[in-house]
Every structure is written in C-alpha cells, then in structure tokens.
Amino acid sequence: MTPLRLPRAKPAVTLDEIRPELARIGRRHALHRGLSLGGLALLTGCDLSTHSGVDAALWAMLRFDDWVQAALFSRTRLAQTYPASAVTRPFRFNAYYAEWQVRETPPGWQLAVGGRVADKTPWSVDRLRQLPQAAQVTRHICIEGWSQIGQWSGVPLHVFLRRVGADLRARYVSFACFDGYSTSIDMPSALHPQTILALDFVGRPLAPEWGAPVRLRIPTKLGFKSAKNLQAITVTDTYPGGYWENQGYDWFSGS
Amino acid sequence: MSAHPPPATPGIRRPAHPLPVRIMHWVGAAAVMCMMLSGWAIYNASPSLPFTFPRSLTLGGWLAGGIAWHISVMWVLFADGIAYLLYGAASGHFRRNLRPPGPRAVIRDLTATLTGRLGHRLGHYNAVQRLLYVGVIAAICLAVATGLAIWKPVQLGWLCGLFGGYPLARHIHLAAMIAIALFLVVHVTMVAIFPRTLVAMVAGIPAEPEENAR
Ligand code: HEM
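Each protein sequence line maps, in turn, to chains B and S.
With my numbering, the residue at position 122 of the first sequence is 122, and numbering never jumps.
With my numbering, the residue at position 206 of the second sequence is 1206, and numbering never jumps.
Chain S with its partners taken away, still in its complex shape:
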C-alpha cells in the first residue's frame, strides 16, 4: 500500500477493499472453512439428516477430533468476527458498502445479473452482493450464537432458551451451516466468473469509479 493519506481528497482513489477487510476476510474464510469441515465430523456422530459426510471431507476424522478442531478454531472465528464487526461499524465500511438494499434494488440487480447485463466495479457492491454479504454475516452470527447455546446449555441457559431449548438450538445451528454453505457456492461461483475481484481482495487495487450513482 502507498504511504498516501486516506483518500479523503477527490482524485486519490481508495483501495477497492481496505487492508483490514482483506486480512479479516481471509482469516475469517479460513476459520469458517475449518468450522464447517470439523462441524461435519461432529454431525456424523449423530446425523440429524438422512446422510453423513465422507470422512475424507471432514476435519478431525472422528467425533473427538472434530470437536477439538471446532472448539479451537471457534476462538479464531470469534476474534476475527468481533474485529470485523467493530471495524465495519466504526470505519463506516458497513454504512458505505454493505447497507442492506431494498427489495426493488435487489430485483433490479438480480435481473441484470441473470441476463448478464450487470457490470462489476471493483470496490462497489451491487444490491445482490450486499444482500448476500449481510445475509452470510447474519448467518455466521447465528451459527456462533447457537453454537454457544449448545456448548453451554446450562451455564448459558438463557441463550439456549432463546433458541427454544437444546434440541431446537442444535437444529438451528445446522441450518445456519447450510445457509453459509449455500452462500459459499454462490460466492465462489461469482468469484470464478469475475476473477478480477479475487485479485482485488488480495492486493490493494484501487477502487473503480461507480458506474451509475445510486
């Protein structure tokens, strides 16, 4: 990154993704992957749905290994998530870039995406992206909260009660995982279609001017 002051002055372009977002994104992505794969090892011990995950796809191999990974990496996810939420709120990143879109904007951008007419400007999220990102952030928060509830159903009994008791909290935890997995499929597909965005999420590439002011 250059030693320029923050690009408050017009003309000097801000990076498409600020450095803290890039770091926290990749730490978070690694942590979420580890949580998901170790969660599958735990799921296999007592599957709630009529299938299990192949052992080779899991992290930890068996129940104790999966739990060891899960309750180790949860601290990484926890720290990364708190840092990301604090940074996003304090820096204005959430307000500027991730404001939840209205339904009209979502429909407009979704049709544009599906008909291949939506340009992608580095550093600006369209309505569909914002919806997906806000959604996955919420899903991860839900996964963390229900995870705490089923980890400590007695000591955090109030939290477990909030999710309708232990068995229901456990099912919500699984549902949150499925939501995150579905997001990932869409997310990685989009990155594969627009590989430029991947470069920008790694290196400090300047943001592109917005196509049409909203």
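Bound conformation, chain B alone:
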C-alpha cells in the first residue's frame, strides 16, 4: 500500500460533496435489509458465488476450518476397516457427470509425475504393479452424506512419492484426471498409510467407471478427494485447488 502523494489534478467530485447522498443510500440499504426478514432473504442468497461480504466471510471461514481440520488430522490414526463381506453391493457410481459419459483409458496412457520430484519418468500400470501393494476395505463417505464400503488395493502413495524422490516437505499433492476432473490434498494426508494409488477394486483391475487405470483412494477424506482416472500427479507448494474445491467444497474435507 503506497500512499498516493503524486501531484494530481483535483478530483471532479470530492467525498465531502457526495457524503449526504452516500448516507442516504446507506440508510435506504439498511432499511431494505431490515424489511427483508431481518436480512434473512439476503443471507439465503449467499451461496459462495456472489461477491458479497457475507460470501467473502464464508470463504474465510472455510480457510479457518481447513486449518482446524489439519490440526485435528493424525498421521497414524486409521480409518475403520471392515471384512470383505461388508462391501456394499451394488456399488454406487458417482462423478461430476453421468455414468454413460465415463471415458475409457486413452491409448498409450501413462501416469505423468511432475513438480517437486527427482524422477519425472511416466509410469505404466505394469510398473506400478511392481511396487509394494496394500489392500483395504474402508467406508467411502460422500460429501452429500451417503456412504458405502468398498475394497481397493494398489500402491501406497507414500511408497510412490518416496520412489519418485518427491520433496516430502512440499505442501500439496495435486491430481489431474483424463476425464477433466482434478483435486489436491495436503502432504501429511498424502503420506498417511491408508492413502493408496488404487489399481484394483474388489479384487479385479479397476473398470473405467471405478477409475481405471489408476485412482486415488484416501479414506481419511471425503469421497470427492478420491480422484478417478488419473493422468498426472504433481507435488507443489502452490495451492492447486480442484474441480469442486474451486466452486466452494471445503478444500481439506478430512474425515
């Protein structure tokens, strides 16, 4: 904030000249607010998409809640696991588009790795299968409220990140998908033992609708963080946002 001390022409209108009008507009505004059910009608219009002060406050509170959630997060506390018999059938499809729009894996697909990593060689599914594998039966909890139990197995993300020489002090790991989706998570959550790059769903290689050929599976966060159909993983210090996060889903969304 540099003070404006440049020699300038006198403004056409000074604040003093329009102060009474400003006061009148302010009063009229306040009256409107008072009449509209104590401002409730105005508030109900605040849905994170307007440029109002209330929406700005809501966005600020989301950042505060992210901070609280990061503080509550434990690197060692595990999500509850279930017997394989508890897997929900039929398993519900969910994406930001309808099931008939699911995309097949593009020919010649490889998982790109970028950002603060030593080895940026892309990965094929076969190479990923040669890394140590882990399996889990956990509850997938959607931000909408419904939940279901699934079984996934694949490469723990912490194994993968160490293997590619990622800077583990970086703040974010972001995921880009070939269906146009994207998301990002904090590094502590990325290194959690139950965060895996899943290759299998219920004992079979992932089908396209379940995220083929590789998806993220992170039971310590809400379902929308478990990105399907991965294309690229980037380790970064720059806040990457994500498809839903940019529209107002709270970024941390930890469980």
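There may be inaccurate statements among the hints.
Here are the simulated lysine to aspartate or glutamate pairs, DMTMM-like style, with alpha carbons at most 25 Å apart [stated by the list, open to error]:
no.: 1; chain 1: S; residue 1: Lys1152; chain 2: B; residue 2: Asp167
no.: 2; chain 1: B; residue 1: Lys120; chain 2: B; residue 2: Asp186
no.: 3; chain 1: S; residue 1: Lys1152; chain 2: B; residue 2: Glu144
no.: 4; chain 1: S; residue 1: Lys1152; chain 2: B; residue 2: Asp66
no.: 5; chain 1: B; residue 1: Lys120; chain 2: B; residue 2: Asp237
no.: 6; chain 1: B; residue 1: Lys120; chain 2: B; residue 2: Asp66
no.: 7; chain 1: B; residue 1: Lys120; chain 2: B; residue 2: Asp179
Listed below are several chain S residues computed to face chain B (Cβ distance under 7 Å; list not exhaustive) [what the hints assert, rightly or not]:
no.: 8; residue: Trp1062
no.: 9; residue: Gly1065
no.: 10; residue: Ser1072
no.: 11; residue: Pro1100
no.: 12; residue: Gln1155
Note that these hints are calculated values from the structure, not bench results.
The C-beta atom is built at its ideal place from N, Cα and C for all residues, glycine as well.
Position chain S with the ligand relative to chain B; hints supplied.
Coordinates of chain S with the ligand only, in the frame set by chain B:
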C-alpha cells in the same frame, strides 16, 4: 439494567431473565436457525426421508453453500452453548429455574395449560416449560455431538462409534434437528400466546412473584 447490587435482599426483585441468559438466548437462537436452514441445504443433496426442502427456505442454496454456512455458524453455536452451559451451572440458574420436573408436576401443569388454567409468571418456568427447555438443550447437545461425529468419523472415530457408526450417527443428527424444530413450533406458539414473555426476554423486566410456592 439498574446499578443495584444483585437482588440478594428480599424486596429487590431480580430480572425475569438475567442479562447473560438474554444475550446467549438470542445469539443461540440465531445460530440454531442458521444451522437448521443450512442443514436443510445439505440434507437436500442426499435426502434420508422422502422429501426435500424448498431451496428458498435453505441457507447456502446448494451443498457447498450449505456446508460453508454450517461449518461457519457451528463455531458460534459451540461458543454460545459452552458459555450458556457454564453460566447456567455456575450461577445456579439451571438449579433454580431449569431443574427437570417430575412426571407428576408435568402432568399437573400440562393439564392446566391445555385447559387454559395455568398462569404465567415472568421469571418462573412451570414444569412443562422446564421439560421443554431441558429437552431442547439436550437435543442441541446431541446435534452438536453427532455433528462432530459425522464431520470427523476418522479423527473422532470413538465418538462416531459411540453413535453406532457413520450412517446411524447421520440419522441421529437428523432426528435431533427434527426434535429442535418441533420444540420451536411449540416454543414460538407459546410466545405468541404470551407476548409479555418476549418483552421480558429482550428487556430487563423484573421477575413476578411466584403464584404458588412449590
Ligand atoms: C431457535 C431456537 C431457539 C431455542 C433453541 C430456544 C431455546 C430457549 C431456551 C432453552 C429457553 C430457556 C432459557 C433459560 O432460561 O435459560 C428459552 C426461553 C425463551 N425463548 Fe427461546 N429458543 C429459540 C428461539 C426463540 C424464538 C424464535 C423466540 C421468539 C419468538 C424465543 C423466545 C423465548 C422467550 C420469550 C423465552 C422466555 C420464556 C418465558 O419467560 O417463559 N425463543 N428459549
């Protein structure tokens, strides 16, 4: 409020509602309304019952907006609730005014209410009122606890487990909301019938002498 010392001496009448109770009541009422209306926006994303709430009745408009309101205002409700519980316990307000009534007293006062024979003395709660107030305080505590459980089913796994796991905790959370909504219907109806009580809940009006000593 006057600058008199607390009305320990007989003759000087205490206010019908102490100032802290009045402030915390209205902050809490606003917070509960916001939590309820934003909760409806969240509910609409995946309704557990065969209906949804009209969008115009919700706060936040859509799922993300509803959640943003919900996890913003929850801090207000949390702070107000803790302050109210601490004040109520420490000042003797709960012991004096909100002691849970026995079933006999409830039946007596309920019949009296329904037959229009129950007088209302400002500053004294009858058995039905006490039951309702204790009930809604419990329902709000339950809503907060189950809300924490479904917000953090992993980090607060013990709490979520206490409520029978995520899906059940979510349903209890909804049930607590319904209980609070039902309370509100009765509560606001009673205030509409006895508008004097509303004045006393806003301004520092002295308590009236009790009708019949219990
Ligand atoms: C929105 C949620 C609300 C909740 C949870 C709530 C809860 C309560 C509770 C627990 C009390 C007893 C307070 C004490 O003495 O410690 C109370 C009293 C009172 N409330 Fe509410 N309230 C709510 C909304 C309202 C509204 C909207 C109104 C006005 C229309 C209202 C008017 C009053 C009045 C007048 C009293 C005193 C009653 C009397 O003196 O008999 N409340 N409320």
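Status of the hints after comparison with the structure:
For the hint linking Lys1152(S) to Asp167(B), the alpha-carbon distance of about 28 Å lies beyond 25 Å, and the restraint is violated. Proximity of Lys120(B) to Asp186(B) is assessed by CA-CA distance (about 20 Å); at most 25 Å being required, the pair is judged to hold. Pair hint Lys1152(S) plus Glu144(B) holds up; C-alpha atoms about 15 Å apart against a cutoff of 25 Å. Between the alpha carbons of Lys1152(S) and Asp66(B) the distance comes to roughly 13 Å, so the proposed pair stays at or under 25 Å and holds.
Among the hinted pairs, Lys120(B) with Asp237(B) is consistent with the structure: their alpha-carbon atoms are about 17 Å apart, no more than 25 Å. Between Lys120(B) and Asp66(B) the CA atoms are separated by roughly 30 Å; this puts the pair beyond 25 Å, and the hint is violated. Proposed proximity of Lys120(B) and Asp179(B) is supported: the alpha carbons are some 22 Å apart, at most 25 Å. The beta carbon of Trp1062(S) comes within 6 Å of a beta carbon in chain B, closer than 7 Å, and the hint placing it at the interface holds.
Hint status for Gly1065(S) relative to chain B: holds, with the closest Cβ pair at about 3 Å, below 7 Å. Annotation: interface hint on Ser1072(S) holds; nearest CB of chain B at approximately 4 Å, less than 7 Å. Interface restraint check for Pro1100(S): the shortest CB-CB distance to chain B comes to about 33 Å, outside 7 Å, so the restraint is violated. Nearest Cβ of chain B to the Cβ of Gln1155(S): about 5 Å, under the 7 Å cut. The hint holds.
Hint check: violations occur at hints 1, 6 and 11; the rest are consistent with the structure.
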